[in-house]
Amino acid sequence: MDYFNYPLDTKTLYRKKAKVRRELSAQSSMLKKKIAVLGGSTTNELVEQLNIFLLYYGIDAEFYQSEYGQYWQDAMFGSKGLDQFAPDIIYVHTSWRNIDVFPEINDTMDDVDAMLESEYGKFRAMWEKLEEKFHCPVIQNNFDRPNYRLMGNRDIWDYRGRSNYVSRLNQKFYEYAQNNHNFYINDLEYISQDYGLSEWNHSLYWHMYKCAMCMDAIPYVAQSVANIVKSIYGKNKKALVLDLDNTLWGGIVGDDGIEGIKIGMEVSKGQVFTEFQSYCKKLKDIGVILAIDSKNEMANALAGLNHPDGVLKPDDFVDIKANWNPKDQNLKEIADELTLGVDSFVFVDDNPAEREIVSAQLPGVAVPLMDTAENYIRVLDHSGYFEVTSLSAEDIKKTDMYHAKAKASKAEATFADYGEYLDSLRMTAYIDDFKPVYIQRIAQLTNKSNQFNLTTLRCTEDDIKIMQKSSDYVCLCGRLTDKFADNGLVTVVIVQKAEDTFHIRLWLMSCRVLKRGMEDTMMNALVEEAQRYSVSKIIGYYYPTVKNSMVKDFYGMMGFVKVKEDEDKNSEWELDISHYDPKKPHMQIYNCRV
Amino acid sequence: MSKEEVLSKVNEIFTDAFDREDLVIGFETTASDVEGWDSLMQMNLIEMIEDEFGMRFDMDEVVGMENVGSMIDIIILRGL
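Protein sequences, first through last, are from chains A and B. Each residue of the first sequence is one higher than the one before, starting from 1 at the first, in my numbering. Each residue of the second sequence is one higher than the one before, starting from 595 at the first, in my numbering.
Among the hints, erroneous ones may be present.
Stated by the list, open to error - Here are the simulated DSSO-like cross-link-like pairs (lysine-lysine), alpha carbons at most 30 Å apart as the crow flies:
| id | chain 1 | residue 1 | chain 2 | residue 2 |
| --- | --- | --- | --- | --- |
| 1 | A | Lys-172 | A | Lys-122 |
| 2 | A | Lys-284 | B | Lys-603 |
| 3 | B | Lys-603 | A | Lys-19 |
No lab work stands behind these hints, which were simulated from the structure alone.
Based on the provided sequences and hints, a complete structural model is requested.
Here it is as structure tokens:
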């Protein structure tokens, strides 16, 4: 599937489209989503490309396309087709060709300001209408640069220039994006410039096919939209596993010695690696987990990472594997220690043989083509592995948390029994309602958690808000701190009330806090709620997926009795709360709800 | 390249584009002879042919194409 890696192999993506789609459609357990594409130009080819990019990311999308150019009418006045389709995501594919009026050379600044307000108003009204009607994420293109600059260079700064006008309109879109977090900009401006603006704007494609860009650029647009979609649904990569020699510095530390490796501002080759290290460090700052997988002696690896001119230090990595084991084996161990699937990993190594073995042994790991150091940043940055659609406080602290987890699992070894170890963690749990500040994180958890997730119910922020407000639901969430770190919000339980019964519609927990007893705390809290509402029975459901087998007997262990199971192994469990034996978790508990 | 050689390459492109292994085209083949050859498919075919032969058709050429043969004539005319 190399044609999905940067730079895209657009020739194959067109020629072998049908075959590629067939192969990708054969994957198991795909996320099914409905995407409405509202276009201001022809969207058919874009949709076909978007379809295969999403399949590549494990998302099997069904599409609605507005009639040619009807994006605004569909949104504002409704269309039966769109209403019945009930989209999960709406993508508005517009370009500079869809701007109604451009400034003329005789216009005053006031004229142009009014024009700008009116053009922006048209879009804002549409977004508000879509939000009111569909409550779903909206992805909106910003505007690419128009095909000519009437005044040459002046066009970009003079208020009458089309280039200037487009740039101001884009700023207004960004302000809206700042203030509406279910709204995402697809950066068409960047894509077109990165592609090459003259070729992008080749007018034959507009005049013959009403296509907003040249055909060869369409897969890049599709990739960009697919990156946003997969990020919204929690299918981003989470960790970057790096080699050391000739990846993070030039040369081989074991052979060349610490003085011999190239890093730092002295020589140009050293600068290239310094810049790459600082790029990786910035990735860490937005929540990407870093780890090392290197064929080296540990002492040499650490010496290299402690190089005074290096940007990355040993503490920036949650794990450093420097040994002579096969790299796929190391990577698998890192994944297990962090309780992440290997499909959450990107592996970066300058050596094609190592890349080959990792991609052959661990399908699902992304292995970009890192051929030469000066291209490392470009390749990673164009791949969209870590597309950011939401940035929570938890993301920013992630390395600290995984560090704490790694420390905790090392500490574990020295205690007489597990309870003693748990006591030593000095944990505190906070049980709470779905307060507004938690909504974003809760939605994120429902989309990201796969392993400790009983029903794998995916929810948008709007879904969460609806349940939080409804008197038919009891919604609990829990935060856990320990002596190493604040783990943040880690567990969510949603219960539907029906007469004297609680139905557990969702129970999930972040794998960060596995085996801490947090689930016991939540169970106690749930039973207290049941007593408060004079409910006598709690029913739990387990729906198996390829990833959640760790909780298949969860309700059994909590004291429930299995009452039903169908041929797909979906099971139903019942708890008579008069028989409930409260758990004794090793932590202090604050119920913030009362 | 001879007309027949170009035709055989173009035929391969058609098999991929229509995802039909058994598709055989000739110089006289037109859009109405092949199921699914609509304006969208036309856009795709042109793009694939341009990619394959490393050339571009201009707008008059695209509009003026009567059948596969006239498309191949243009490719040959470009000295490919």
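Report task. Report the numbers of all earlier hints that the structure fails to satisfy, in ascending order. Result -> 2
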